[in-house]
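Asker: So the protein sequences, as listed, match chains A and B. Counting from 1, one number per residue, gives the positions in the first sequence under my numbering. Counting from 511, one number per residue, gives the positions in the second sequence under my numbering.
Rather than coming from a laboratory, the hints here were simulated on the basis of the structure. Predicted, not measured: the structure shown is a model, and the values here were computed from it. Worth double-checking, as some hints may not be accurate.
Dumping the calculated EDC-like pairs for lysine to aspartate or glutamate here, alpha-carbon to alpha-carbon at most 16 Å [claimed, not checked]: (1) B:Lys564 to B:Glu518; (2) A:Lys58 to B:Glu532; (3) A:Lys140 to A:Asp153; (4) B:Lys592 to A:Glu44; (5) A:Lys489 to A:Glu455; (6) A:Lys181 to A:Asp153.
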Amino acid sequence: MEWAKNNWEVVIGLETHTQLKTNTKIFSGASTQYGAEPNTQACEVSIALPGVLPVLNKQAVECAIKFGLAINAAIPSRSVFSRKNYFYPDLPKGYQISQFELPVVGKGNVTIQVPAGKNTAAYEKTIHITRAHLEEDAGKSSHGVVEGMSGIDLNRAGTPLLEIVTEPDMRSAAEAVAYAKKLHELVQWIDICDGNMQEGSFRCDVNVSVRPKGTEKLGTRREIKNLNSFKFMQQAIEYETRWQIETLEDGGTIQQATVLFNPDTGETRAMRSKEEANDYRYFPDPDLLPLEVTAADTTRVQAAMPELPEAMKSRFVVEYGLSSYDAATLTTSRGMADYFVATVNAGAEAKPAANWVMGDIASYMNKNTELLSSPPISPAQLANLLKRITDGTISGKIAKEVLNEMLLKVGASTASVRETVTGEGAFYNDFGDNFADNIIEAKGLKQVSDSGAIEAIIDEVLAVNQVMVEEYKAGKEKAFNALVGQAMKASKGKANPAQVNEILKKKLTE
Amino acid sequence: MINHSLKELGHMLASKQISSVEMTQTFLDRIAKYNPSINAYIALDHDKTITQAKAADIRIANGSAEPLTGIPLAQKDIFCAKGWQTTCGSKMLANFIAPYDAHVLSQFDHAGAVNLGKTNMDEFAMGSSNETSYFGGVKNPWDFDRVPGGSSGGSAAAVAARLCAAATGTDTGGSIRQPASLCGFTGLKPTYGLVSRYGMIAFASSLDQAGPMAKSAEDCALMLNVMAGFDERDSTSLNRAKEDYTRGLVNMQGAQPLKGLRIGLPKEYFADGLDANVAKVVQAAIAEYRKLGAETVDISLPNSQLSIPVYYVLAPAEASSNLSRYDGVRYGHRAAAYDDLMDMYMKSRAEGFGAEVKRRILIGTYVLSAGYYDAYYLKAQQIRRLIADDFTQAFKQCDIIMGPTAPSTAFKAGEKADDPVAMYLQDVYTIATNLAGLPGISIPAGFSNGLPVGLQLMGNYFDEARMLDVAHAYQQVTDWHTRMPESLK
C-alpha cells in the first residue's frame, strides 16, 4: 500500500482543551483541586440546583488573554458566553456554558519545529490558530463502581477550560504532534495550565481527513476524541490516515464521525455518526453579560506576561553567546530555560552550563519521567560541579563521574519525595550546594596538578611502553595520544590532562 | 389588624401593642381558616414560622428592629428557602427541599421578617391563572369561581384575602401585575437587574424579575427597600447605590402634588381587545390623576403589538434550556421504572412536567433549532430592541406611562384553560415592559361588576421611587386599595 499512500495528503486540525490553572471554578467559588473525594467540590452551582446562577471567574479570563497575547492574537473587546444544550448525566444544567459566535481570543499563530524524520530534515512551520474560547468542563461518569449503577462525580463540573482550535494546517502526524507539544509547553510557559495529561489537564481532539495530492477540496473528516498522550496521538493519526486512505482506495466513502482511539488495539472506532449528532441549540446565555475586555485589561495582563520562548531564545544567543540551536533547545520548556539561567547565575559559564543542562541533566530526566518533574540536582549544585572543571580541580571526564555519583545518591535517597516541586525555592535534595565538592573530596577525585607526581607517572608509563615510544619517534603521531591515555589511566583519570601533554612532550623530545 | 399597612404593623410591634408571635399567629389562624378553600399556600411550617417570629420579638426587644422586623410575609414558591419544600408549582420539584436561601429570602431574613409559607403559583411561573399549578388552582378572594391571575396567583390571593401582611412575586410577562389587577392590590415589577435573581427558580432569565405584592404603594416601597440591591452572585444584578423608595411619599400631600407630571397614554393600550368597563375604570383613574395636577399626553408604542409573539419565542427559548436541569438525575422527580438513560429522562420529564410547561419547552426547543434560530430567536431579539426603543422615544414626551394592566377582570376558572392563545393575551399590556426591562406597577383603580380593575403605571429605568410616589398620590385620594372581600372579613 505504500505506493498508494504517496498519492494522498492528510489534512489535520486540532481542538485542544486546556484546563486553566485557577483556584476556583469558572462560574462558581468551588475548588478545582484534582483528586478529591467524589462530589466534595460540587457546590450548589456545580450541581445546578434550582435558582443558582453563574458568575464569571476573572482569573480564567486573564488566562485566556495571556494565551491570546502569547499567540499574537487579537483580543476582541467583546465576547459572548453561549449555552450548548444537550442532556448527559454528568452535565448538571443540561447545557454547557461555552462561547460560540464571539470567542475571547481571535486568530493567532504558533511556530512549530518539526523534528527530522527517517527521510526528512527538520523544519519550521507556522500553524494558524482560528480561535480560543472559554468554557466549563463537565463532570465524570463512572460505570460499575456500584453493581448495575452509574456514578456521577461533579468535582470537575465547572472547571475552566480554554479550547484552542487550529486551522486545518497540519499535513502529518509528526506536525500534529509537534504542534501539540509546542502548545503543551506554551500553556505551561505562560503558567495558565499545569499540563498534566494524565489528569486530563491537556487533551486533544484531532480532526483528520485525506485528499488526493494536489487537490484543494477538503475530504470528509473524522474527529478523534480525547487524546491525552502524544504517543497515542501519533498512533491514532497514523492509523486513522491509513484507514481513510484504504477505505477510499477500496471504493468506499468516509462518513463524518466522532471516533475513539483504543490504545490496546491501536485502532480508532466510530462512536457516533453525524446523523446521531446533537443539535446543540446554541444561544447567548442570558445569565451572563457579554464579556468586555478593555485595552487597559490587555495592557495589565501584558505587563505580567513572562518573556516568551522566542524572545528568550534570541536573548540567549546575544547574552550568553549560545548557538541558535542550543538557545532553541533550552527554551523548549520554561523549566529547562529557568534551570539553565539559574545555573549560570550560580557561577557556571554559559556554554558548559548549556551543554550539561541539555545533555546529562535532560537525558536523566527523560529516563526518569515517571518519577521526576524537576531536575535531580539544584542549579547551585550543577554550577559547583562545572566550576570545578573551569578551575582545573577535575577534568570533564571526572566531572561525569561526579555527576553520576550525585544522581545515584539523589535517586537512592529522595526521588520519592521530590514530586512536583519546581520554581523558586524548590526542593531538590538534601545534599547542599557543595554536593560536588564533597564527592570529589570523599572519593579523592581531585585532579593531580603536581608536576613532580605527574612526572613520576609518566616515567613509569614510558618505561613499560617502549614500543610506543619508538613508534612515536619513528613519526607515528597516534602513539603520542596512546601514551597520554596510558598516563591518564595510570592516574585513574585524575592527572591534569594539559600537564600530562606538556610533560610527556618534553620527555619525548629530551 | 389584617388591614393595617406595614408601617402601622411596624408601629404596633415597636410599641409592644402586639408581639410578632401574636401577629404571626393571627395570620396563621386566618390561613388555617381560609387556605383550605382558597389554596393560596403550597407549604406551611408552623414551627419554622413561629421560630422566626420569636427571633423577631427578641430583636424588637433589644432595639435592633428594622422596619419589617416581625412582620409576617408570604413568599412565592419560586424562591429557594433553606429547609422548606420549594416546588415552583411543579410535580417535578414536589419532593425538593431547598438547601439554601434565595437572595430575596435572605434579605427578608436579615430584615427580621417572618416567613408565613410558600405560595401557590403556575407551574414554573408559566401561566396567567394559576391553573397550571401541580398543587391545584387558587381561588380569587373576590369570587371563588374566578381565577386570581398568575403566575403569582397564590401570593395574590394571600394579599387580597389578608392571609399575609404582604407577599413576594415574580414577573416574567406580567405575573405580579396581572394578578394584582385581578385581585385588587398593588404589585410592582422593578427594573430588570434591581432585585437579584439568585435562588429564584428561573423561567426566562432575561425577563424574570422579583417584586413586592402588597396592599399599597407605601407597603411596596418598604418591601422593595429590603428586596432591591446589588448581589454579586447574579451577574445581571446592577451595582447601584441603595435607595430609600419611601423617601418621596411624604411629598404626595396637598391639592396638586403631581403638578408638572406628564402622563403618557399609549393609544395601542386603549384599542380593540380592552373590555369596555375596564376602559371606563382606567379612564376615571386617569381623570383623578389630572385632578392631582398631572397632564396627559397621547403617545404611541407602535411595536408593542408584537410583544406577545416576541415573548412567546424568547421566553420559551430560555425556558427550554433553563428547565433542562430537571432530568431526574440529582434531585426532583425520577420515574419509578425505566429501561435506560434516555428512557429515564423521557419518563421523568413526561411525568414531572405539566402540559403548559411541555408546550413551552417544545416551542423553545423548536425556535432554537438549527435552521430556525435566525427566523425566530434572532428576529425576536431584534424586535425586542425595537420595543425597547419605543419606550425610549415615549419617555422623551412623558414621565410615566399609564394604561390598563389586564384586558379584563378576573375570568372564570376553566374559561381559558384550553385556549393557550386567549390565556397569553392576558399579558398583552404587561409583556412589553418585561421585554424592555422597565418597571411597572399595577394599582387598584376601581371595580367592574364587583371585580377589581387595575391601573398600570410604567416608568423609565430605575424610576421606581417616582412611580411609587405617583401611585401613592392616587392612594391618598382614593380608597380602592383598602377594599377587601366582605366574605373574608
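Asker: Quick check: which numbered hints come out false for this structure?
Answerer: 1, 2, 6
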